[in-house]
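Need the complex rebuilt from these two chains, each delivered in its own frame; the hints are there to steer you.
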Amino acid sequence: MAGELGHFALILALLFALAGAVAPHIGAVRNDATLMAFADRSVLAQFLMAVTAFAALTYAFVTSDFSVVNVATNSHTLKPMLYKISGVWGNHEGSLLFWVLILTLFGALVSWRGRKLPLRFRSRVLAVQSLLVLGFLMFILFTSNPFLRLDPAPLEGNGLNPLLQDPGLAFHPPMLYLGYVGLSVAFSFAVAALIEGEVTPLWARWVRPWALLAWVFLTGGIALGSWWAYYELGWGGWWFWDPVENASFMPWLAAAALLHSAIVVEKRDALKSWTILLAIVAFSLSLLGTFLVRSGVITSVHAFATDPARGIFILAFLAVVVGGSLVLYAWRAPKLAPSGLFGIVSRESALVVNNIFLSTFAAVVLVGTLYPLFVEAFGAGQITVGPPFFEYAAAVLMSPLIVALGLGPVLAWKRGNISRAMQVAFPALVVAAVAGLVLVWQNAGGVVMTAFGLGLAVWLITSVFLEIAARIKLFRAPAKALTGLGKITRAQWGMSLAHAGVGVILLGITISEAFTSEELVVMAPGDTVDVAGYSFTFEGVAPVAGPNFTAVRGFFTVREGERVITSLTPEDRVYSNPAMNTTEAAIHPLFSGDLYAVVGEATGAGRWSVRLYFKPMISALWLGALMMMIGGILSLSDRRLRVGSPTGKKTAAQAGEGASA
Amino acid sequence: MMKYLSAFCLILTMSLGALSVAVDEKPLADPVKEAQARELMKEIRCLVCQNQSIEDSNAELARDLRAIVRERIALGDSPDNVRAYLVDRYGDWVLLRPPVKTSTYFLWASPFLVVLIIALLLINRNRQAAAPAPLSDAEKEQLKALLEREP
Numbered sequence: 001m002a003g004e005l006g007h008f009a010l011i012l013a014l015l016f017a018l019a020g021a022v023a024p025h026i027g028a029v030r031n032d033a034t035l036m037a038f039a040d041r042s043v044l045a046q047f048l049m050a051v052t053a054f055a056a057l058t059y060a061f062v063t064s065d066f067s068v069v070n071v072a073t074n075s076h077t078l079k080p081m082l083y084k085i086s087g088v089w090g091n092h093e094g095s096l097l098f099w100v101l102i103l104t105l106f107g108a109l110v111s112w113r114g115r116k117l118p119l120r121f122r123s124r125v126l127a128v129q130s131l132l133v134l135g136f137l138m139f140i141l142f143t144s145n146p147f148l149r150l151d152p153a154p155l156e157g158n159g160l161n162p163l164l165q166d167p168g169l170a171f172h173p174p175m176l177y178l179g180y181v182g183l184s185v186a187f188s189f190a191v192a193a194l195i196e197g198e199v200t201p202l203w204a205r206w207v208r209p210w211a212l213l214a215w216v217f218l219t220g221g222i223a224l225g226s227w228w229a230y231y232e233l234g235w236g237g238w239w240f241w242d243p244v245e246n247a248s249f250m251p252w253l254a255a256a257a258l259l260h261s262a263i264v265v266e267k268r269d270a271l272k273s274w275t276i277l278l279a280i281v282a283f284s285l286s287l288l289g290t291f292l293v294r295s296g297v298i299t300s301v302h303a304f305a306t307d308p309a310r311g312i313f314i315l316a317f318l319a320v321v322v323g324g325s326l327v328l329y330a331w332r333a334p335k336l337a338p339s340g341l342f343g344i345v346s347r348e349s350a351l352v353v354n355n356i357f358l359s360t361f362a363a364v365v366l367v368g369t370l371y372p373l374f375v376e377a378f379g380a381g382q383i384t385v386g387p388p389f390f391e392y393a394a395a396v397l398m399s400p401l402i403v404a405l406g407l408g409p410v411l412a413w414k415r416g417n418i419s420r421a422m423q424v425a426f427p428a429l430v431v432a433a434v435a436g437l438v439l440v441w442q443n444a445g446g447v448v449m450t451a452f453g454l455g456l457a458v459w460l461i462t463s464v465f466l467e468i469a470a471r472i473k474l475f476r477a478p479a480k481a482l483t484g485l486g487k488i489t490r491a492q493w494g495m496s497l498a499h500a501g502v503g504v505i506l507l508g509i510t511i512s513e514a515f516t517s518e519e520l521v522v523m524a525p526g527d528t529v530d531v532a533g534y535s536f537t538f539e540g541v542a543p544v545a546g547p548n549f550t551a552v553r554g555f556f557t558v559r560e561g562e563r564v565i566t567s568l569t570p571e572d573r574v575y576s577n578p579a580m581n582t583t584e585a586a587i588h589p590l591f592s593g594d595l596y597a598v599v600g601e602a603t604g605a606g607r608w609s610v611r612l613y614f615k616p617m618i619s620a621l622w623l624g625a626l627m628m629m630i631g632g633i634l635s636l637s638d639r640r641l642r643v644g645s646p647t648g649k650k651t652a653a654q655a656g657e658g659a660s661a
Numbered sequence: 662m663m664k665y666l667s668a669f670c671l672i673l674t675m676s677l678g679a680l681s682v683a684v685d686e687k688p689l690a691d692p693v694k695e696a697q698a699r700e701l702m703k704e705i706r707c708l709v710c711q712n713q714s715i716e717d718s719n720a721e722l723a724r725d726l727r728a729i730v731r732e733r734i735a736l737g738d739s740p741d742n743v744r745a746y747l748v749d750r751y752g753d754w755v756l757l758r759p760p761v762k763t764s765t766y767f768l769w770a771s772p773f774l775v776v777l778i779i780a781l782l783l784i785n786r787n788r789q790a791a792a793p794a795p796l797s798d799a800e801k802e803q804l805k806a807l808l809e810r811e812p
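Taken in order, these protein sequences are the chains called A and B.
For the first sequence, position 252 matches number 252 in my numbering, and the numbering has no gaps at all.
Each position in the second sequence, counted from 1, maps to that position plus 661 in my numbering.
Please note: incorrect hints may appear among the correct ones.
[Stated by the list, open to error] Derived contacts from chain A toward chain B, CB cut-off under 8 Å, selection only:
no., residue
1, Gly237
2, Ile356
3, Phe357
4, Ala363
5, Ala380
6, Gln382
7, Thr384
8, Pro387
9, Pro388
10, Phe389
11, Ala393
12, Val396
Bear in mind the hints are in silico, worked out from the structure with no lab data behind them.
Beta carbons: idealized from backbone N, C-alpha and C, even for Gly.
Okay, chain B solo, but in the shape it has when bound (with noise of 0.2 Å):
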């Protein structure tokens, strides 16, 4: 365990502040605002590419977007801002989290629905299991019988 430890500790102090950017783009000046844009482009889908977000990605369309983020950024708007601009020209598909509206309140609660789910429908049958069955009234006759024999 302290190798695990001590390992992780070494990666620790020489990892830090190891940001890095592609060369033909121009990481802002601001490390605060970089890192918000870099953080955001996690979060965009590249529309051409198969499940891979514009910070992963390669393509020309990637580069453009990659670009926009940070121009946004810089020019002093929110996250949240961008996201809107990036939705309004390409729709919620364009992010990866899905935004939390009529149609994805379920999706968004799903993992919480269906642990209560599935926890009651568990529990609920071994309760009953638990629970053993109401004596029949022909058992109750014997049980009393059997209590009011004298040894």
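Chain A on its own, in the form it takes in the complex (with noise of 0.2 Å):
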């Protein structure tokens, strides 16, 4: 029952779409105020009937109803209650459903947050998310619907991939989609403004919080991911350049980019059609990320499922989004003269760098990730392209502009001195030099990257404190520092606390890569290895059962010369449905690093073979992503950034001017 209910609300909301999609157009164009108003009560409707149609999903997971194939494909009745829920995403077709569900939420949020938006606008932009939702619905009703029954019904269901049953994993996706998702809001107000004609600073004022937003789902998705790949895959890499991991990588570039052009749009009125293209690219991306992973071209732990009519779809559904709106681009695009002027050492050159450098890592990522087909292809073999040109490009494209990132925020708008800049960053500059410079004389040889990018982390993070310290005047006038401390705004806390994450995230990752210990070991009970200084010894194993698996479980106790500093117990876990083989790492994080040990097979005569690792600083790398996206969050809930609010441009403008000055 409940079944026929979600499906039909499915259906529902596909007209509501079609509706949605077409009568506000219809109304902008003969200036109909009713037929626009339209689109908001299409929005709600839909989003009704997505949470009609979610909810109808996971009542069949939650309560294990096999008669439909969905729930009988990666159900099981003795799934943990949390996994049964998070199986409602695990799969193709409740993650297009949830997919929809989080289109919708954005789509009704634009309605309600965007009250104060001239009603032409908001029903042209609300037209272009009904008409995602639209082709989204299409794909799930014809090539992946949910709701299909199965007579008759199993007695048990054939459950999850034991990989993705995980708290972390359980979180990530939805994470990942606000995120992907959010960008199509930014899409949507790209492809009205396109439509209309015209983007103002104004224009920019109301985009950005919504690519904020996606940007920081994204950030959190993404850092969950890894997290998960940390723990769970056993061998202590957090990052693989999967082109899974690619996929959500690039949006990630892209709206990044984004919330930095659309700044220089809202201040200077310049680089508009540049951000129109950054929109409407950034949520092609996130399709493509989407798609990408299920259209089988790529096989991962995420591809849920192949189909050739679905490839076919997804393929239709590319281009007319991807294809259609860049030609709507093309053609509008050229009317959008830029009328603010910048000077070419200023803070918008220096996001105009940002902005050369994201992009331009964005693409290379897409070049990367797709070069293997189109070689292939084009019968030249077949070849990988794996971590070691990824790393190449990343140093290469990444490291100019760590550089302008510690000076981008010292710099001034419009005409910056770019002694006066360098005056506040030159220290930083020196500290990166000899933090650099110790490594090299420490151990010489063979570690220029591991000194370069220390020196990197370490410029970039001194010259945010710098930017602070001048900020406040602290050098100049230390007795007024204080009260400037608090006039620093929320945005620019957000600011200058992202950029710091990135600088712990590039410290987190240069000193764990070239300093990680490791011990690959077989041990018998009693038996002690030491790692980078701490003691392990093996005490033994255990059986431990589980809901839906058996498990051996290892006892360690590491030490650190007499004194025990933790117990960890990994797991080597055998899941019964699907039969499937999964470790589970013990972690115990240390202000210094992380003890890490993974239990492997049984080698005979009561010895085990065990991983052993300590990884010093990597708890950076999570921190450092913490820190951006509550630098995110500080960003968003500044007041002048609401959509809406009352707050005239002029204070506004003040606001950021005067800080830098």
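Following this line, the structure appears as structure tokens:
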């Protein structure tokens, strides 16, 4: 019954989306306020229908209703409740329904938060959003219906891929989807602006919070995914440049570029057509990311299902959305003449540099991800584009970006003075150089990249502090510095925190890559192995039974000298439905790094193969990501960024300009 | 900042010289050669895994390939020779670092090419904006009239 209700709700949502995608445009052309206002009602109705459908599917999963094919294929009665629920979006059909749910949620949010937007513009935005909903609903109903029935219903389901049964992964997809789909709002705003033929600084102020929100979620989603890889895959690696990871990284880069270019539009009324293009590209990359992993072109744990009919639909949908919006762009964008001017040395120019490198990196990641397909298609053999290539690209493109990132915030708007900026940033350069040199001196040879990475990280973090110090005139008028601290806006704190986060991540990457200690050994109970000054004593193993798995749990006591630090209990699990073996690493974070243990196979005579690591400063990765997220949220909570807030443009401009003067 | 630095120096002194190896696999006696071999392993794809290097993988095949790499290096082959040997057997696909050749020129050049294209695109567009549009004939007349008018 719930299944039919959900199915019916989806069909209704499709009809609302169809009407909502067409009527507002007619209204805008005819200047008919009623038709335009229909957009608001339509997105609300779509949202309610999507909620109904999603609730119906969730109900089917929770009650293990195996007469629904989707539930029978992806669930199991013995699965813990958390994974029954996360199983709703842990499969192809369900994840698409989840996409639609969020897409309609964002539509409803734009309608609700955007009351102050001009009706005509808002209705255009919502109509574009409805068109996207329509496309997704057609895809679901025609090729990937989650509500299809199975007769007779099986007594038991097939279960969920055990790798996905993990708290990290229960929340990783929703976060990522909120990010992917959040970019749809920027896309809809861009397309609506192209149709209307006008981009104003006000437009940038409307669109920026949405892009920022999406970026915060993408950051969280990617960080969760990488954390999951770190503790679940058992190699201690956290980023593999896997096509699927790249698929989430590209929109993140584009969204980061978009956030920054929107600032230039808002402040200087320049970079308009570029910003529109970025908004289109960022969402297109999200779509590509969503579909790339499902098209069967690329196989990985994320590729839920493959089916040629879906592939064709996906290609057609991508062609319509990406191709259509780009054609519209080519046609309308030349009209968007920039009016503002800025000097070559200015904050705006630094933001342009930011955009050049971020978007180039996104493009190069795309090239690297798809290159093997092209080479094969042209009959030039099979190649692998692996981590060494992406690391090379990252080094080439991110180093200048980080140098600019340290310098940018201390440059003045419009017309900056490089020597004055250097006065502020110079100490950071010195600190960075010293940090790099110390390292080379301590461990001569073979560590140039490490020294370089460390130098960049230190440069960035130091310059963030120096920028704050310069802003509050810490060195020129220390007595008044404290009051200056109070004057810093949330948006500025957010910027500093997010930028420092980049530095912290770089620090974590550089140090953990260069100085991880690893022991891959066979141990008998009572054996002790020394890893980076910590002694791991193997106490033995015990069998464990979980709700839907059995496991061998290893026990390790870790000591530093005589002092017991912690005990680690990694597991080697065997899931029953489907049968699969997974490793659960045991991790104990210390300030200086993570103690990491994995238990492997029995090698006979009571001996077990184990992997033990000490990973210095690896927590800096997640800490940095968290700093970026909090930075984004701080900036979002800044009053002047809120859509429709009554703050005049003048005060906003003053706040920004005054800060950098 | 100092906290980071001191923690960092601490780690540095602790972790130097800690190189590890699987027990069932004998490391090479010469530490220079062993380091060479392990560096190379990171760039060889485990052919039966998804996107893993043989250094990361427990698969049988990865184990065999590790043994081959060590053996070759021990016999005095340079890393390039070993790579060539593996490519001979398995094709370019085995290399995680795609070789520089005609079909990959574009790939390796892409960071530089794309950065150039996007930079030109962005800077050019804003240059255009920076240069005010030339005056039309009517405007020139108007300007002339204004300039010639005595106050």
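Against the structure, the hints come out as follows:
1. Gly237: At 7 Å from the nearest chain B Cβ, Gly237/A passes the 8 Å test, so the hint holds.
2. Ile356: Given a least distance of 5 Å, the restraint on Ile356/A holds.
3. Phe357: 7 Å, holds
4. Ala363: 5 Å, holds
5. Ala380: 4 Å, holds
6. Gln382: 4 Å, holds
7. Thr384: 5 Å, holds
8. Pro387: 6 Å, holds
9. Pro388: Holds: closest Cβ of chain B sits about 4 Å from Pro388/A, inside 8 Å.
10. Phe389: 6 Å, holds
11. Ala393: Check passed: Cβ of Ala393/A comes within 5 Å of chain B, closer than 8 Å.
12. Val396: Val396/A check passes; min Cβ-Cβ to chain B is 5 Å, inside 8 Å.
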